[in-house]
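Work out the full structure: start from the sequences and follow the hints.
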Amino acid sequence: MAERKLKLILNPISKPLKILLFLKPAIDILEKGGYKVDTQESACFGDAEAEARKAAGSGEYDLIVAAGGDGTFNQVINGIHGKDIPLGLIALGTSNVLARSLELPLNPVDAAKIIVEGNLKKWDLGVVNGRYFAIMCGFGFDAVATEETNLKLKRFLGRYAYILAGIQCLSGYKPTRMTVALDGKPTPYRPIFVDVANAPFYGGKYKLTPDAKMDDGILDVFIFDSPSLARLIYLVLRVILNLPLNLPEISITKARTVEITAPGRVPYQIDGDTYGEQPAKIRIEPQAIKIVSPK
Numbered sequence: 022m023a024e025r026k027l028k029l030i031l032n033p034i035s036k037p038l039k040i041l042l043f044l045k046p047a048i049d050i051l052e053k054g055g056y057k058v059d060t061q062e063s064a065c066f067g068d069a070e071a072e073a074r075k076a077a078g079s080g081e082y083d084l085i086v087a088a089g090g091d092g093t094f095n096q097v098i099n100g101i102h103g104k105d106i107p108l109g110l111i112a113l114g115t116s117n118v119l120a121r122s123l124e125l126p127l128n129p130v131d132a133a134k135i136i137v138e139g140n141l142k143k144w145d146l147g148v149v150n151g152r153y154f155a156i157m158c159g160f161g162f163d164a165v166a167t168e169e170t171n172l173k174l175k176r177f178l179g180r181y182a183y184i185l186a187g188i189q190c191l192s193g194y195k196p197t198r199m200t201v202a203l204d205g206k207p208t209p210y211r212p213i214f215v216d217v218a219n220a221p222f223y224g225g226k227y228k229l230t231p232d233a234k235m236d237d238g239i240l241d242v243f244i245f246d247s248p249s250l251a252r253l254i255y256l257v258l259r260v261i262l263n264l265p266l267n268l269p270e271i272s273i274t275k276a277r278t279v280e281i282t283a284p285g286r287v288p289y290q291i292d293g294d295t296y297g298e299q300p301a302k303i304r305i306e307p308q309a310i311k312i313v314s315p316k
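Convert by adding 21 to the 1-based position in the sequence shown; the result is the number in our numbering.
Note that these hints are calculated values from the structure, not bench results.
Hints are not guaranteed to be accurate.
In the DSS-like style, the derived pairs of lysine-lysine whose C-alpha atoms are separated by at most 30 Å in a straight line are [said to hold, decoys possible]:
(1) 302 - 143
(2) 45 - 143
(3) 142 - 45
(4) 226 - 134
(5) 39 - 195
(6) 104 - 134
(7) 234 - 143
(8) 45 - 316
(9) 53 - 75
(10) 234 - 142
(11) 75 - 39
(12) 302 - 228
(13) 142 - 39
(14) 45 - 226
(15) 142 - 53
(16) 228 - 134
(17) 39 - 53
(18) 39 - 134
(19) 316 - 134
(20) 134 - 57
(21) 275 - 302
(22) 57 - 45
(23) 195 - 226
(24) 195 - 143
(25) 39 - 57
(26) 275 - 316
Below is the structure:
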């Protein structure tokens, strides 16, 4: 069998202990599976995307593997999109939402075994203002909390760093009126947040859009239409306790296109990183990327 070549793009600050304990055994499995592994560490935000674009365009590699969290995965996806090269994922992050949504193992060694098995599947991607997302695009409170999340705390507290940031933002956050157009039909809201989802999970193991599927060619739009922060706290508790989200303020609607506008500042986050502000045009791109997935 001819040796295949793999580019491993690693975020070295994702989970240092996990990297120390599991990355070398994972690479050993990839090499025993017939891959020559070329590892590149990202040094700063945006590096993973640039390295992925360079590797995908070089023609040297049979596979790109991203090792990190959801932010790293997003960068690599944006770097390789449009190139006919598959993606493998090794979850080393805080929430690992994409890995959970694809039913990938969270143990890096087991993830490497999946990569060696080489079962490719095409998955949908969302697109917001020209940038791709695998999981979701969130507007309003969750984007503000993401902006305020301390990266050092994130390393030590994991997904609880987002909860802490959210608590800190509660007192000063004022919901803004938004117009949300689903498949061209606009409706006014005053929501605390809007989540345009391609995947079912949110913030780790929690589900805001339980019926969302990454291969159904449609987006699931979660709107929490209430200006009450007390109701937001109630929602968060129900999510954490895995209780049904049958609240009158909640609507979950399927759409292929979404447009969000507002008179004031409304930031948005993509797959856990803040990227911009409204106005935003969002669409689904079916079967947009090939990812090595469980059989």
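Starting from the hint list further up, note which numbers the structure goes against and sort them upward. Of the numbered hints given earlier, those the structure breaks are 5, 24, listed in rising order.
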